[in-house]
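Chain A is fixed; fit chain B onto it per the hints.
Number of protein chains: 2
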Amino acid sequence: MAATALVAIDWGTSSARAFCLDADGSVVAQRDTPLGVRHVRDGRFDAALAKLIDGMPLGLAPRIACGMVGSRQGWIEAPYVSCPASLVALADHLVQLPFDVLAIVPGVETRDVSGTPDVMRGEETQLLGAVAIDAPSVLAVLPGTHSKWARVEHGRIVDFTTFMTGELYAVLLDHSMLGRLAGHEPGRFSRDAFSRGVARGLREGELSHDLFGARTLSLAGQLQSDEVADWLSGLLIGREIRGARAWAIRAGADPSVVHVIGRDTLAERYALALGDAAILSQRITDHAAARGLWRIAQRAGLLNA
Amino acid sequence: MAATALVAIDWGTSSARAFCLDADGSVVAQRDTPLGVRHVRDGRFDAALAKLIDGMPLGLAPRIACGMVGSRQGWIEAPYVSCPASLVALADHLVQLPFDVLAIVPGVETRDVSGTPDVMRGEETQLLGAVAIDAPSVLAVLPGTHSKWARVEHGRIVDFTTFMTGELYAVLLDHSMLGRLAGHEPGRFSRDAFSRGVARGLREGELSHDLFGARTLSLAGQLQSDEVADWLSGLLIGREIRGARAWAIRAGADPSVVHVIGRDTLAERYALALGDAAILSQRITDHAAARGLWRIAQRAGLLNA
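Protein chains in written order, with this note's numbering: chain A, 1 to 305; chain B, 1 to 305.
These are computed hints drawn from the structure, not numbers from a lab. The structure displayed is predicted, hence computed values, not measured ones. Glycine residues also receive a C-beta, built at the ideal position from the N, C-alpha and C atoms. Do not rely on the hints blindly, as some may be mistaken.
Computed beta-carbon distance windows for the label pairs [stated by the list, open to error]: (1) B:ALA132 / A:ALA246: 55 to 63 Å; (2) B:ALA220 / A:ARG31: 31 to 39 Å; (3) B:ALA278 / A:GLN73: 36 to 44 Å; (4) A:GLN73 / B:VAL27: 52 to 60 Å; (5) A:ASP254 / B:GLY115: 26 to 34 Å; (6) B:ASP32 / A:VAL257: 54 to 62 Å; (7) A:ALA170 / B:LEU97: 36 to 44 Å; (8) A:SER137 / B:PRO79: 21 to 29 Å.
If you want a taste of the chain A side facing chain B, the calculated C-beta under 7 Å gives, among others [as the list claims (entries may be wrong)]: (9) HIS93; (10) THR116; (11) PRO117; (12) ASP118; (13) THR161; (14) THR162; (15) GLU167; (16) LEU168; (17) SER176; (18) GLY179; (19) ARG203; (20) SER208; (21) GLY243.
Okay, chain A solo, but in the shape it has when bound:
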């Protein structure tokens, strides 16, 4: 087995994933744990890190992490870097814990058209790992509880915008009228109901009106209870795509191809919805965070240590 040149950790709110990478950036060992920031007790991040990587082939390799571990609720706060944020800027603003225990990647911030701040922490690393550094212009989405859309140019995150789509889906289904309509049968995915939701989401309209459609379509017999969840998913993702497309066009970007970064069924749904919107999607399913951490570490000179 090749020697470990970097220990890279994607350390989020609910889980933490550690990777041992060799000098070429290939993954030689990997571990997934539920040791997310939320589950670390009494601020004992040092103990959590020891547990997280214990028994992995660490050698004397340097350690680097991205994600909520660098937030106010994490180990140490790594201040945000403003857009446009390059690999170099992220590397220059790594925050080192004492005795080089761990280097932490900063988050990235921007402002939307209304001047309201927007932030990411962890996604900047995935983006710079997923997108080719020499690509002149890429539009990418990271589906999730708080989906991020970003424009990446020549290895710089030029701008991004967040949609609370995943969280809206969960709270509406668990706690609103839509959940009562949906019942509690999990059921299999209804491509048809999903696409009807997407079509509605892609149209102009106020979300708080369109959501009420779940009730009236059910009343009219046009939406079955086991279709409500997929219709809602389609509506919310479709509306997100509509908003993100307008956001990209406003910046002069080409919205006809989108990189979808993620391996789960949610990323598959985004690819389907993009197809419904006549947008080409390019799936990126390998270790984007690990690759991003390797690139940042390389740029920071950590690998030569």
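For chain B alone, kept in the frame of chain A given last:
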């Protein structure tokens, strides 16, 4: 005390209100109860009605009700009348229970631009009670869990549209990240945070993006925890006003004056938000449902019985 000419019941999901009206339509007795449709056990609506009006000065007056009592979950289903829905149409489609125990007002249905049905049940009666029958053109809002905006012309509900604003506010505050940001101090109303939310709501934008602003504004120190709830309320109401204004303009209606039907603090918030949007609001705070039921009963010839 004047003799009762009509017993009028506003019978909704969570509560029921009974009114005794004299021949002029004035309220001579009133009772509020929690005997809403949801709380009627085993379909015993007859027992619920007896309890609801027991001891009121009923005489031999006819009885009429509007609201969810006429839904599939109510006493008997009163099918929807399509827009444009006049007083005459509602009167013509009253559903009588056997032995004239109770006449029930039908709901009203329409379709939005996407062809999706929209429905109301109870609000049609409030609208036709609140708006002068000879008014040529009125734009009205009934704030609530599911707010309704309607265009009323010469005593006809020409069209309407629903926004799930109140329910969204409740589920987001009780179950999402926004509730965690808000903490659990009730606090007094922050006019400033509300207006900042309204301003953002009135701007173009995707709700699922704008909601995330609660987090980033909090992170940036621009929104205090005791302001989050009012900011959210403003954002949702502002976005509803934006959508409703566009809806009214699309139909060629004048959106510069809006009748706000309701007595609670929510109706006050709508009046404030309309002011922020440079729209004049006219508050209607008296017994709109009772007056509407009286007008429908009169048109149906019930009062002459």
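Quiz item: If you take the shortest Cβ to Cβ gap from ARG203 of chain A to chain B, is it below 7 Å?
Solution: Where the cut-off is 7 Å and the nearest Cβ of chain B is about 6 Å from ARG203 of chain A, the hint holds.
Quiz prompt | LEU97 of chain B and ALA170 of chain A - C-beta distance against the hinted 36 to 44 Å | solution = 42 Å Cβ-Cβ, so the 36 to 44 Å window holds.
Quiz item: With 7 Å as the cut and Cβ atoms as the points, is LEU168 of chain A at the interface with chain B?
Solution: LEU168 of chain A check passes; min Cβ-Cβ to chain B is 6 Å, inside 7 Å.
Quiz item: For the hint on ASP118 of chain A, does the least C-beta distance to chain B fall short of 7 Å?
Solution: Because about 6 Å separates ASP118 of chain A from the closest Cβ in chain B, which is inside the 7 Å limit, the hint holds.
Practice problem: Closer than 7 Å between Cβ atoms is the bar; does GLY243 of chain A clear it against chain B? Give me holds or violated. | Solution: 3 Å, holds
Quiz item: Can the hint on GLU167 of chain A be confirmed by a CB-to-CB distance to chain B that is less than 7 Å?
Solution: 6 Å, holds
Quiz item: Holds or violated: 54 to 62 Å for the Cβ distance of ASP32 of chain B and VAL257 of chain A?
Solution: The hinted range 54 to 62 Å holds for ASP32 of chain B and VAL257 of chain A, with Cβ atoms some 59 Å apart.
Quiz prompt | GLY115 of chain B and ASP254 of chain A - C-beta distance against the hinted 26 to 34 Å | solution = Cβ of ASP254 of chain A to Cβ of GLY115 of chain B: about 32 Å, so the range 26 to 34 Å holds.
Quiz item: With a cut-off of 7 Å, does the beta carbon of SER176 of chain A approach a beta carbon of chain B closely enough for the hint to hold?
Solution: 5 Å, holds
Quiz item: Taking the closest Cβ pair, is THR162 of chain A under 7 Å from chain B?
Solution: At about 5 Å, which falls below the 7 Å cut-off, the nearest Cβ of chain B leaves the hint on THR162 of chain A intact, so it holds.
Self-check item: GLY179 of chain A as chain B interface residue, shortest Cβ-Cβ below 7 Å
Solution: 9 Å, violated
Quiz item: Taking 36 to 44 Å as the hint, is the beta-carbon distance of ALA278 of chain B and GLN73 of chain A inside that range?
Solution: 41 Å, holds
Hints 1, 8, 9 and 18 from the list above are not met by this structure, while the remaining hints are.
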